[in-house]
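Below are the chains, spelled out letter by letter.
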Amino acid sequence: MCESIVFLFFSSSHAIRGGNLLQQADIAGKLMPVPRHLSSDCGVCLRITRDQQDKALEILTNGRVTIAAVHGLHERQT
Amino acid sequence: MIYLDNASTSWPKPPGVSEAMVDFLNQTGANPGRGGHRLAIEAGRTVDTARQVVAELFNAADPLRVTFGHNVTAALNFALHGLLKPGDHVITSSIEHNSMMRPLRELESRGVRVTVVACHVDGTLDPQKIEDEIRAETALVALNHASNVMGTILPVAEVGEVTRRRGIPLLVDAATTAGAMPIDVEEMKIDLLAFTGHKGLGGPTGTGGLIIGEQINHETIRPLIQGGTGSYSEQERQPAWLPDALESGTLNVVGLAGLTAAVKWIRNEGLVAIRKKLLSNRTRLTEGLQAIRGITIHGSRQPEMQTTPIAFSISSLSPSEAGCKLDDQFGILCRVGLHCSPAAHKTIQTFPVGTLRFAPGLFTSDDEIETTLSAVRQLVGGE
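Protein chains in written order, with my numbering: chain P, 1 to 78; chain R, 1 to 383.
Check each hint, because a few of them may be wrong.
[To be verified] Computed footprint of chain R on chain P, listed as stretches where at least three residues anywhere in the stretch have a Cβ under 8 angstroms from a Cβ of chain R:
(1) 10-17
(2) 28-37
(3) 55-68
These are computed hints drawn from the structure, not numbers from a lab. Since the model is a prediction, treat every value here as computed from it, not as a measurement. Beta carbons are placed, not taken as given, at the ideal position from N, Cα and C, and that holds for glycine.
Only chain P is shown next, with the shape it has when bound in the complex:
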């Protein structure tokens, strides 16, 4: 099982907004460059631990942040 989950977004603006919302909710999320095998976009994605996925999804949805995709991520893939 993947240790982390990454949320991909249609734009960095959404990723940053998402990161801020999670931070306000005390969920540790890391904004990082999008792994190339997931997308060719030049922006950032948001990585969280797998156990935070459901809560994070709820916060992002309520915050009107549009998620493009959710992927599992092994550490060696970052």
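Fit chain R to the given chain P structure using the hints.
Frame of chain P, contents of chain R only:
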């Protein structure tokens, strides 16, 4: 020197604005959304914070629907050119700034029908007149919240009730009122709010934007500018989602850092208190000017119908001559002429000569007001 041209741009800026900008330039400086490194992310956070504070100030539900641009003129152009197409009908008022009228006249030349509803000679508007002009093909009502010339406030909330009921988007130009009085886009039923950062909001020039309400399908706004957005990069087509669709190219991030500081300062002071202070300054100036023989004040006599700018004429001096003497002899800085609003001047019957305009700001002191009034009295010859 007494600066009374805050309707052109506010000066000085609130405490913390320049510091925030210098801090951004020295500590961050990167381009948001153009890389995944820590400084690009930090720059992205700077922009996101600006969206959040602006959204909160205007009670907009979604910060991601706050799109930034160079100024309110750009925002109005994005909205007007984005929404209107040949055959559409748009309703506006007779006291609009050229930032509204010029794109409308351009669109009119391309087949958009424009109805200009006449305001009274004091600039006030009966909202029923807007509703009377609505037809089947009316696609937009576009109004400035207040005139940049004489400060008359239009009944935007009453018009919002009408447009929401009739299913027509309402675009409001808040250049003269943002930061000077409370604006609640939800309560006032404003669908598109165009704002500038450098006037009442106290931010630097080069900032402004368009807030798109959730009632508007943003995909119906054709982007006026296409370009790099740092997203959808595998495609050569403009992304359809907000804010990217309307934010091509690099934003004025250093400006947004300053705007954030300014808006936070306004939030701390409170818009109700700010409105009271500005109105107090305006009233003191207006009453003093009215007591001088040969001075005519234009606009409504009711304070609650006015925001900061005061347009006035001196019978014995042209506006340009008076403005020059006020600057040279007394160090009082104001704007004279048509104020980029021939429409407003035609309505208040001061076209083509124009008027003088005093626009005190939050930091205009009582002493400066008294000194100004004394100067005008000397200029007119009454003292």
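Results of checking the hints against the structure:
no.: 1; hint: 10-17; result: holds (count 8)
no.: 2; hint: 28-37; result: holds (count 4)
no.: 3; hint: 55-68; result: holds (count 3)
When the structure is compared with the earlier hints, no violation turns up for any of them.
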